[in-house]
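Q: Take the two lone chains and join them into the complex the hints point to.
Going down the list, the protein sequences come from chains A and B.
The opening position of the first sequence corresponds to residue 1 in our numbering, with each subsequent residue numbered one higher.
The opening position of the second sequence corresponds to residue 1 in our numbering, with each subsequent residue numbered one higher.
Since the hints were made in silico from the structure, they are not lab data.
Any given hint could turn out to be false.
[Unchecked claim] Restraint-style ranges between C-beta atoms, simulated for each label pair:
hint : chain 1 : residue 1 : chain 2 : residue 2 : range
1    : A       : K51       : B       : T176      : 46 to 56 Å
2    : A       : G170      : B       : S103      : 31 to 41 Å
3    : A       : L33       : B       : Q6        : 43 to 53 Å
4    : A       : I124      : B       : A216      : 33 to 43 Å
5    : B       : G120      : A       : T48       : 27 to 37 Å
6    : B       : S103      : A       : T172      : 26 to 36 Å
7    : B       : E3        : A       : S156      : 42 to 52 Å
8    : B       : T66       : A       : L103      : 36 to 46 Å
9    : B       : F215      : A       : N126      : 53 to 63 Å
Cβ coordinates follow ideal geometry from the N, Cα and C atoms, glycine included.
These are the residues of each chain, in order.
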Amino acid sequence: MPAPEQKKIRIATTSLAGCFGCHMSLLDIDERLFALLEQVEFDRSPLTDIKHCGPCDIGLVEGGICNAENVHVLREFRNNCKILVAVGACAVTGGLPAQRNHLSLADCLQEVYVTEISLHNGMIPNDPELPLPLDKVHPLHEVVKVDYFIPGCPPSADTLWKFLTDLLTGRTPKLGADLIRYD
Amino acid sequence: MSESFQLDGEDIPYTPGQTVLQAALSAGRYIPHLCYHPEFKPHGSCKVCTVKIASGKSQRTAASCTLPAQPGLEIESDSDEMNELRRTLVQMLFAEGNHFCPSCEKSGNCALQALGSDLGVMTAGFRHFYPDRPVDASHPDILLDFNRCILCELCVRASCEVDEKCVFALSGRGITKHLVVNAASGQLADTDIALIDKAMQVCPVGVILTKRVGFAEPIGERRYDQRPISAQALDDAPRAATGKGRCTSCEE
Ligand code: SF4
Ligand code: SF4
Ligand code: FES
Numbered sequence: 001m002p003a004p005e006q007k008k009i010r011i012a013t014t015s016l017a018g019c020f021g022c023h024m025s026l027l028d029i030d031e032r033l034f035a036l037l038e039q040v041e042f043d044r045s046p047l048t049d050i051k052h053c054g055p056c057d058i059g060l061v062e063g064g065i066c067n068a069e070n071v072h073v074l075r076e077f078r079n080n081c082k083i084l085v086a087v088g089a090c091a092v093t094g095g096l097p098a099q100r101n102h103l104s105l106a107d108c109l110q111e112v113y114v115t116e117i118s119l120h121n122g123m124i125p126n127d128p129e130l131p132l133p134l135d136k137v138h139p140l141h142e143v144v145k146v147d148y149f150i151p152g153c154p155p156s157a158d159t160l161w162k163f164l165t166d167l168l169t170g171r172t173p174k175l176g177a178d179l180i181r182y183d
Numbered sequence: 001m002s003e004s005f006q007l008d009g010e011d012i013p014y015t016p017g018q019t020v021l022q023a024a025l026s027a028g029r030y031i032p033h034l035c036y037h038p039e040f041k042p043h044g045s046c047k048v049c050t051v052k053i054a055s056g057k058s059q060r061t062a063a064s065c066t067l068p069a070q071p072g073l074e075i076e077s078d079s080d081e082m083n084e085l086r087r088t089l090v091q092m093l094f095a096e097g098n099h100f101c102p103s104c105e106k107s108g109n110c111a112l113q114a115l116g117s118d119l120g121v122m123t124a125g126f127r128h129f130y131p132d133r134p135v136d137a138s139h140p141d142i143l144l145d146f147n148r149c150i151l152c153e154l155c156v157r158a159s160c161e162v163d164e165k166c167v168f169a170l171s172g173r174g175i176t177k178h179l180v181v182n183a184a185s186g187q188l189a190d191t192d193i194a195l196i197d198k199a200m201q202v203c204p205v206g207v208i209l210t211k212r213v214g215f216a217e218p219i220g221e222r223r224y225d226q227r228p229i230s231a232q233a234l235d236d237a238p239r240a241a242t243g244k245g246r247c248t249s250c251e252e
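If we strip away everything but chain B, and leave its shape as in the complex, we get (with noise of 0.2 Å):
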């Protein structure tokens, strides 16, 4: 008999060593994510994954995309108090970067506006930041829109883990953390990326963009004008991982 917990009153069998998250996902069960990507080790920044444990007469909250599965565990997901949480987390993305989805081309294809539209965020709510962050054009077939970053680190794992390039990384902390092209100028031109790099296929949202191929699909065809992305989560259980889990070249 395989292992289970409860999740929103229904029981989840997992695979010792699956986190709350990829269990869910396996059996169907959809909880809302956004940094977590089938193929890479779970990283636990964005939050969205967010759910409340019951043990005993102690609750606590955690991140499922990085919580262990275990015999026993009573999770609610599903509430309006965790969704609230998470329309509130995405709200705050929204309101961190520059994110002008009319004039976006990854608008319909984007993971962020999709999560938005499936947990009903109506408004950014909070006071937008607006903040100057200049694109990278350098590179003859790459676009770097550094507005719409969520520095969910897919592109940083998938750069080092599976391209062993290390094209890019993280700099800076809490506010004034930004994604950094690791090059001497700065400038994406003067790395190797190249176009079928893993790391040009991760980003969630808008920032990493092939050039001269924007809004070639209709609206209409794009994958979330389809189906919500909660109805598109079989496609983010776990699978063979393509990430080592470590870069080989810098060994971080």
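Excised from the complex, chain A in its bound form (with noise of 0.2 Å):
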């Protein structure tokens, strides 16, 4: 009789006020991907296109907090993943846009829409499907409850992989010196 397959790992990620580096680092674990996908199989995410996140083991958040749909994103994955992990510099600090927090949401969207030289006519845009800037851009454990952090803008493939597997294998995820970076 066959052994009975072990069940995977569900995994979610996304992408909120990120850039996707943080996906293309985990895309850079190359051949591993397929050691990895003995283990998981992925629920919400850019690599899979399903839209909403069902329950999970893992959320995988990438980029901080910049409007209204990125809350409600988060909290579905809150809500879904048993451990959510803050991926990258904008998901555990805010990161580059939250360059912008000591600068008025008005004054920012004026200049980049209005003023900026290259533009003429330029407008606010104000089409109701767009989600509402917040005033400030938030790190993610200021919104939800996060169980892990992965500094590194983006952290490296070699980050990813060993955060992972330590977490794959039971244990508690631990990264060395050289595979915590904040850049």
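A: What follows is the structure, encoded as structure tokens:
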């Protein structure tokens, strides 16, 4: 009788106010992806195009929180993932988008969409489909409880690999100084 | 026979007049530290070098960079408790300023960043202040980015004690404390700071920057890409002082 197939670990991933660099770094684990896929399956993720997150073991969230939709997606992840991980500088600290935090949002929009020299007849986008920007950009842990943080812009493929293999084998993930980078 | 004290159960010899941190570094033993500089009188502001001292039944903590070495001291430094405390201090420094490492030209050569990664700081933990601190780009060759200042006072001391110019000072108290430029306009362009000044070399973070040279070193070749800050501790062992311990121009 064939051994019963081991239940795969279910992982969801998303990019909020991020640049997808952390997802690119995950793909950078290269052929180790095959080993990973023997143990895991993906739920909501840019890799599957599933639109909503179902019950999962691990949620990997790239990017900080800069608009109302980010808040909804983050809450969906928190409600569905047993372990929620902030991946990369933006998720951990707000990152480069948070450089707007000491400016007023109105001034930023005015500068980018109206005053900017290359624009003529510029206007601030107001399509109702667009999520409302938040006054400030926030790291994830200011909105929901986060279980693990992986700094780096982006964290290297080796960092993500070490973290995931620790987690998948039931160890508390532990990164050495060489894998903890803030840039 | 030289005198000695105990650091994490090991004998550390010292010469009278040395502090615990200086003796430890001279003996090749690392105690995490940030505002200490081997050429200046220890200042004791960051508290990252805090250690636990047992004497008899009582225990207390003190900054090891200013604690005079004495015979028979029993010092605990590399313990979970002390390192957890240091992580919290580093987290507070990150949360208090604007540290966007990916766009900082000091990245890879920054002591705060190197300390964080060596101590295993994964997040700033606290709510970020995101303070509003405009930069001073007035000088043709030097940029001041106050967003990253950790108020270690090294530039103040270097400018006073070595350069004898007193270009910098700290102003305000507590959370309002900040670095200022000693000029009527408050602008760096109106001081006599020069690129060859000691004050240009001592900032452990990315505040005092030479213009037009940023990001020249590729990632992988910067100082702390090579080896963690703890492995470079011998560089911080005491050497001939350049600071006089006081300022001859302003007598502070
Ligand atoms: S000063 Fe250091 S910690 Fe701050 S942003 Fe620059 S590299 Fe990062
Ligand atoms: S500018 Fe640099 S050297 Fe001067 S007090 Fe701030 S952190 Fe220290
Ligand atoms: S190194 Fe001792 S207080 Fe900063």
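Q: Now tell me, hint by hint, if it's right for this structure.
A: Structure-based check of each hint:
{"no.": "1", "hint": "K51/A x T176/B: 46 to 56 Å", "verdict": "holds (48 Å)"}
{"no.": "2", "hint": "G170/A x S103/B: 31 to 41 Å", "verdict": "holds (37 Å)"}
{"no.": "3", "hint": "L33/A x Q6/B: 43 to 53 Å", "verdict": "holds (51 Å)"}
{"no.": "4", "hint": "I124/A x A216/B: 33 to 43 Å", "verdict": "holds (39 Å)"}
{"no.": "5", "hint": "G120/B x T48/A: 27 to 37 Å", "verdict": "holds (33 Å)"}
{"no.": "6", "hint": "S103/B x T172/A: 26 to 36 Å", "verdict": "holds (32 Å)"}
{"no.": "7", "hint": "E3/B x S156/A: 42 to 52 Å", "verdict": "holds (46 Å)"}
{"no.": "8", "hint": "T66/B x L103/A: 36 to 46 Å", "verdict": "holds (40 Å)"}
{"no.": "9", "hint": "F215/B x N126/A: 53 to 63 Å", "verdict": "violated (38 Å)"}
Checked against the numbered hints listed earlier, the structure breaks hint 9 alone; every other hint is satisfied.
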